[in-house]
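Chemist: Now for the letters of each chain:
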Amino acid sequence: MTNEEIKEFITSILPSATYDETGEWLNINIEAAQWRRLAQWIRNAPFDMDYLFCLTCIDWKAHLTMVYHLTSTSHRHTIVVKAKVDRGDAQIETVSDIWRTAEFHEREVAELFGVNFINHPDLRKLILTDDFEGYPLRKDFEDPVNMIRL
Amino acid sequence: MYTETQILKDTTQTAANGSEGELVINVGPQHPATHGVLHLVITLNGETIKKVEPHLGYIHRSIEKMCESLTYRQFIYVTSRMDYLSAHINNHACAMTVEKAMQIEVPQRAQYIRVLMDELTRVASHELWWGAMAMDLGAFTPFFYAFRERETINEIMEETCGARLTMNYMVPGGVMADLHPDFVRKVKAFIQLFKDHIDEYDELVTGNVIFQNRMKGIGYLSKEDAISFGCSGPVARASGVNCDIRKLSPYEVYSQVEFDEVLQTEGDSFARYLVRIAEMKQSIRIIEQLIDGIPEGDFQAKTKAVLKLPKGEFYSRVETARGELGVYIVSEGGTTPYRIKFRSPGFSNLSALDHMVRGSKIGDLMATMGTLDLVIPDIDR
Chain E
135 MTNEEIKEFI
145 TSILPSATYD
155 ETGEWLNINI
165 EAAQWRRLAQ
175 WIRNAPFDMD
185 YLFCLTCIDW
195 KAHLTMVYHL
205 TSTSHRHTIV
215 VKAKVDRGDA
225 QIETVSDIWR
235 TAEFHEREVA
245 ELFGVNFINH
255 PDLRKLILTD
265 DFEGYPLRKD
275 FEDPVNMIRL
Chain W
21 MYTETQILKD
31 TTQTAANGSE
41 GELVINVGPQ
51 HPATHGVLHL
61 VITLNGETIK
71 KVEPHLGYIH
81 RSIEKMCESL
91 TYRQFIYVTS
101 RMDYLSAHIN
111 NHACAMTVEK
121 AMQIEVPQRA
131 QYIRVLMDEL
141 TRVASHELWW
151 GAMAMDLGAF
161 TPFFYAFRER
171 ETINEIMEET
181 CGARLTMNYM
191 VPGGVMADLH
201 PDFVRKVKAF
211 IQLFKDHIDE
221 YDELVTGNVI
231 FQNRMKGIGY
241 LSKEDAISFG
251 CSGPVARASG
261 VNCDIRKLSP
271 YEVYSQVEFD
281 EVLQTEGDSF
291 ARYLVRIAEM
301 KQSIRIIEQL
311 IDGIPEGDFQ
321 AKTKAVLKLP
331 KGEFYSRVET
341 ARGELGVYIV
351 SEGGTTPYRI
361 KFRSPGFSNL
371 SALDHMVRGS
381 KIGDLMATMG
391 TLDLVIPDID
401 R
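Note that the protein sequences, when read in sequence, are chains E and W. Numbered per the numbering used here, the first sequence spans residues 135 to 284. Numbered per the numbering used here, the second sequence spans residues 21 to 401.
Calculated directly from the structure, the hints in this document are not laboratory data. Bear in mind the structure is a predicted one, so any value in this text is a computation, not a measurement. Backbone N, C-alpha and C fix where the C-beta goes; we use that ideal spot for every residue, glycine too. A hint or two may mislead.
To be verified - Derived list of chain E stretches under chain W, where covered just means 3 residues or more per stretch with a C-beta under 8 Å from a C-beta of chain W:
| no. | region |
| --- | --- |
| 1 | 168–179 |
| 2 | 192–205 |
| 3 | 230–244 |
| 4 | 262–270 |
What the hints assert, rightly or not - Below 25 Å or equal to it, Euclidean Cα-Cα: the simulated DMTMM-like pairs (lysine to aspartate or glutamate) are:
| no. | chain 1 | residue 1 | chain 2 | residue 2 |
| --- | --- | --- | --- | --- |
| 5 | E | K259 | W | D374 |
| 6 | W | K85 | W | E119 |
| 7 | W | K206 | W | D219 |
| 8 | W | K120 | E | E155 |
| 9 | W | K70 | E | D231 |
| 10 | E | K218 | W | E84 |
| 11 | E | K216 | W | D216 |
| 12 | W | K85 | E | D223 |
| 13 | W | K331 | E | E158 |
| 14 | W | K70 | E | D256 |
| 15 | W | K120 | E | E158 |
| 16 | W | K71 | E | E158 |
Stated by the list, open to error - Covered stretches of chain W, going by a simulated chain E footprint (3 or more residues, C-beta under 8 Å):
| no. | region |
| --- | --- |
| 17 | 107–119 |
| 18 | 198–209 |
| 19 | 227–237 |
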């Protein structure tokens, strides 16, 4: 499995996807609406990306980016998929039925970044208390009591 | 969150269809077998587990947010407080990410010291797990046996690093101070002590019939599920998944030492137990190969006082005692990270707990949870 093969395949189904190979792994940039379809494709053969080892979000102030680090336990190729999410109306479809580890990780991102995962089975708060307001890992979050600016 | 124990009676179930209704009980947040503040809400049908829901956050400090205002020298010290039993390895992962981004060459001596410290930490962590897990099952004596060895390691750590638990010994570019003059001698004495005593573990616990009956076939996790749940470390390796980062993408001097990736295919609690016992022996094997050949030279590369990472994203993975720790730094070119994510092994391993114990008896929950080797600050971060 090479980066070229993956790029060729993804371009054939998502012509608007862009790529970045400056880092350690191939980065694929897509829109939030395209993620679910792409996830189903790369989970299955021949790509077999069966191990989602990191799922997180970055707040770029203008928009949010969901970052998915995927690898395959059979051919050991690693890719990074980045989906751009609108900040005001943050939502993306869940992949918790494709990779079950996503269920917990998406719950964590949902409460810390305020991303709504469509069709997620259980989006209750996992780490924070139920009455907690705001999304602490967003850059504009302010907590005058508990946050210490250095 | 559940504030009180609720007893739910399902009105559709009667004595005629053989069910007595459901019972919801809370385990934790203060419970001796969770080894920390983990809250599990368990739905039972009689003695059979129908569902386990973890409620986290009792020791959540938002380390990821905190690190956004700390410099690249400072943030490493916070990470000792995540997985406090693998403090060295956490520090190591962070230091490695910074080095990768700044392309700092770590001196050979520092690489040897780091790997030695990592492996000693792994042995110490597995020792504590072994003692605590046996205690969860009602055997108190193994705890003292495990602490005899663990204490020796802690003393070695204390001499060199100045601390017993949160060492903060790894810094970008190498290690903070040189080894204590007694280090090599004491580590060799420890290897002898370990080899003299490791067989006692099997006599005490492994071969015990009661222990085996409570472990074999309990908490089964298939290979496909282990991969899907993102499990790593001994939990995944007991289900036959090759996931040892030391083998998959060797860092420091791991490519130069010989050791086996311990694999079991049964996927039950007993397999996870055997993997950790065998891993301790492999760690000792690594230490033996390195301890006589620590090269002379610098223990730290020369670095600037203020570290500035180039713009970009950097990810490094290491194998802690619990599994794969990933450190993901997004840098905007300043002296502090723009965003930092710690992919902690315990968080993913815990997510598989519900799947593993559904349908088994409540008494098996603790046995299964013991073999997951959860460290709660690592899960909550």
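Chemist: So which hints don't hold here, by number, going up?
Modeler: 1, 11, 16, 17, 18 and 19
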